[in-house]
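Undergrad: Below are the chains, spelled out letter by letter.
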Amino acid sequence: MDGHFAASDAGLDVARVREDFPILAQTVRGKPLVFLDSAASAQKPRQVISAMVRCMETAYANVHRGPYYLSEQATDAYEAARAAVARFLGAADAREVVFTRNATESINLVAHSYGRGVLRPGQAVLISEMEHHANIVPWQMLRDGHGVELRVCRVTEAGEIDLEDLSAKLADGKVGLVAVTHMSNVLGTVTPAERIAALAHEAGALVLFDGSQAAVHRRVDVQAIGADFYAFTGHKLYGPTGIGVLWARAELLDRMPPFLGGGEMISSVTFEKTEWAPAPAKFEAGTPPIVEAVGLRAAIDYVSAIGMPASEAHERRLVDHAMRRLSDVEGLTVLGRAQDRGGVFSFALDNAHPHDLSTLLDRAGIAVRAGRHCAEPLHARFGLEGGTCRASFGLYTTVEEVDTLAEALTKAREFFN
Amino acid sequence: MFDDLRDLYQEVILDHGRKPRNFRRLEGANRVARGDNPLCGDRMELFVNVSPEGRIAEAAFQGRGCAISMASASLMTETVRGKTQAEAAELSGKFRELAMSGVCPDCGASLAGEMERLQPLAGVHEFPSRVKCATLAWHTLNAALADGAEERNATSE
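Residue numbers (the working numbering), protein chains in the order written: chain A, 117 to 533; chain B, 4 to 160.
Next up, chain A with everything else stripped away, as it sits in the complex:
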């Protein structure tokens, strides 16, 4: 597949990419589909779809159980997916990769297992104002159930993590874990992960990154960043739903008690005593998402073949174009103006509620999300309790689609005047 995209040094051949995504060919309400909701869930290329079909048609059985040919095939494919994820993240060892259901489950796993098993009451967890609810609620549950303090780092007016505030909230040495996003799903802000990890470590804290968006838009190297935990999900990375990843340093996984109990995660069971299997099996109770792992591996192969340099260049072009075009739309406020931002834009029109606006855009074939995008505190921070509309880009997004959005926004404003 490496040859598939090799032609273009100048950047990404978007037309070629679009051919890989069958869903994009359709019209919606008589208009060509303009899909701008990839941050919620990305569309799937044929390569992912066919890998999953092939798995089910030719090499499917339960994994790590059957001493027979098909089970061995499936087990090999499942473990190869783990190895692919490890390479994708720059992990030292595939055993540091735990498969979960999604990033939400990955964070809950850490909150439950590391939070209850290793953090002590009186210690603190530090999150930020720009977190997705998935990186807020598990920590509130830990606070309420385990007596851990929850601290919240401020976000600046530009939509960036306030590093001075972060340092101040780390200063007393009580923070055991910093849990922040690597890229905001609302502002598009890419956070300075290395700097945050360094500040956390200086203060004696570990650091978890919610990489749900960043893993799609930036090259991630967990060792270079200095991460301790890294969570992301398959379905935003052009892979299937139902599979997520938690990466954690091996010694942390070894120290952590299991999250869910059941088959697969044990080495021996009697009614008196059960011994846990070593990680990652310790954290993968029950039959895992086998076909989904194969799909995720195909997705990683797909984005790797395109290469992060080409996809980042494509995204930069879209972001620059969107900044220009959206700032020309009268009455439109775009949330955040971070130095380093990926292809996610949240915006509000002065004369239309986001819900009304998204209904109009839908009429023009444009799919955007409306509401608070699972980040209610961040919208409150910017005084936009009523929410925003969000346009988010993928590998298949074109400059022309950004133009279509900008034109529709101008016409929508006229409509409501």
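Hints listed in this document are in silico derivations from the structure and should not be mistaken for laboratory results. One or more of the hints may lead you astray.
[As the list claims (entries may be wrong)] Subject to a maximum C-alpha distance of 25 Å in a straight line, what follows is the list of computed SDA-like cross-link-like pairs (lysine to any residue):
(1) Lys135/B - Asp153/A
(2) Lys135/B - Glu501/A
(3) Lys22/B - Thr449/A
(4) Lys147/A - Arg9/B
(5) Lys147/A - Leu8/B
(6) Lys527/A - Gln142/A
(7) Lys135/B - Glu117/B
(8) Lys527/A - Phe5/B
(9) Lys527/A - Gly126/B
(10) Lys22/B - Asp466/A
(11) Lys22/B - Phe532/A
(12) Lys22/B - Gly85/B
(13) Lys147/A - Asp10/B
(14) Lys527/A - Asp18/B
(15) Lys527/A - Glu129/B
(16) Lys22/B - Glu501/A
(17) Lys135/B - Met103/B
(18) Lys135/B - Ser157/A
(19) Lys135/B - Asp466/A
(20) Lys527/A - Asp10/B
(21) Lys22/B - Asn467/A
(22) Lys527/A - Ser132/B
(23) Lys527/A - Arg9/B
(24) Lys285/A - His249/A
(25) Lys135/B - Ala464/A
(26) Lys527/A - Asp6/B
(27) Lys22/B - Gly499/A
(28) Lys147/A - Ser132/B
(29) Lys290/A - Gly263/A
(30) Lys147/A - Phe5/B
(31) Lys135/B - Arg145/A
(32) Lys527/A - Leu8/B
(33) Lys22/B - Gly447/A
(34) Lys147/A - Asp6/B
(35) Lys527/A - Gln13/B
(36) Lys135/B - Asp478/A
Starting from the known structure of chain A, fit chain B onto it as the hints suggest.
TA: Chain B alone, transformed into the frame defined by chain A:
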């Protein structure tokens, strides 16, 4: 580009959405309820004054939301004024049917004039994700008028 959306966003909807009627806190209201649509963040507080004879003397609301939910609440506060609680409940049921199906076969029988006033909202039935915007105010009214409810909260879910 959006001409076919005029069925949904009729002038009366846009007008009530921009300038909702009875948009205020009603001092001395004897029924109060809050309505929430957690999906989109719409939120309203409804104030109703029920007379000793059981008629809605006045209804008012405050809150935030899209044009559809604001217009629906605005039209509702106008429509239920002077109605008995039983009539308000009947209107609520009929409106729900209108919003979900676009038609209301029983509407000729009683309260026909009132339903006529709510007719501009019938267009939402073509937008399944927006029906809840139109019905939130009426869910909230049901909660406000419910007997013996300790906490009068409604959600669109």
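Undergrad: Look at each hint and say if it fits the structure.
TA: Structure-based check of each hint:
1. Lys135/B - Asp153/A: Distance of about 22 Å is within 25 Å: holds.
2. Lys135/B - Glu501/A: holds, 19 Å
3. Lys22/B - Thr449/A: holds, 23 Å
4. Lys147/A - Arg9/B: Holds. Lys147/A to Arg9/B sits at ~18 Å (cutoff 25 Å).
5. Lys147/A - Leu8/B: holds, 15 Å
6. Lys527/A - Gln142/A: holds, 23 Å
7. Lys135/B - Glu117/B: holds, 20 Å
8. Lys527/A - Phe5/B: holds, 8 Å
9. Lys527/A - Gly126/B: Given pair Lys527/A, Gly126/B holds - Cα atoms ~21 Å apart, limit 25 Å.
10. Lys22/B - Asp466/A: OK: Lys22/B and Asp466/A at ~15 Å, within 25 Å.
11. Lys22/B - Phe532/A: holds, 13 Å
12. Lys22/B - Gly85/B: holds, 22 Å
13. Lys147/A - Asp10/B: holds, 19 Å
14. Lys527/A - Asp18/B: holds, 19 Å
15. Lys527/A - Glu129/B: holds, 22 Å
16. Lys22/B - Glu501/A: It holds: about 20 Å lies between the C-alpha atoms, which stays within 25 Å.
17. Lys135/B - Met103/B: Distance of about 9 Å is within 25 Å: holds.
18. Lys135/B - Ser157/A: holds, 24 Å
19. Lys135/B - Asp466/A: holds, 23 Å
20. Lys527/A - Asp10/B: Given pair Lys527/A, Asp10/B holds - Cα atoms ~17 Å apart, limit 25 Å.
21. Lys22/B - Asn467/A: Satisfied, since the Cα-Cα distance of roughly 12 Å is no more than 25 Å.
22. Lys527/A - Ser132/B: holds, 22 Å
23. Lys527/A - Arg9/B: holds, 14 Å
24. Lys285/A - His249/A: Holds: Lys285/A and His249/A sit about 21 Å apart, inside 25 Å.
25. Lys135/B - Ala464/A: Cα-Cα ~21 Å, so holds.
26. Lys527/A - Asp6/B: holds, 11 Å
27. Lys22/B - Gly499/A: The hint holds at about 22 Å.
28. Lys147/A - Ser132/B: Satisfied, since the Cα-Cα distance of roughly 20 Å is no more than 25 Å.
29. Lys290/A - Gly263/A: Judged against 25 Å, a Cα distance of about 13 Å means the pair holds.
30. Lys147/A - Phe5/B: Measuring from Cα to Cα gives roughly 12 Å; hence the hint holds.
31. Lys135/B - Arg145/A: Measuring from Cα to Cα gives roughly 22 Å; hence the hint holds.
32. Lys527/A - Leu8/B: holds, 13 Å
33. Lys22/B - Gly447/A: holds, 19 Å
34. Lys147/A - Asp6/B: Between Lys147/A and Asp6/B the Cα gap is close to 14 Å, so the pair holds against 25 Å.
35. Lys527/A - Gln13/B: Given pair Lys527/A, Gln13/B holds - Cα atoms ~17 Å apart, limit 25 Å.
36. Lys135/B - Asp478/A: holds, 18 Å
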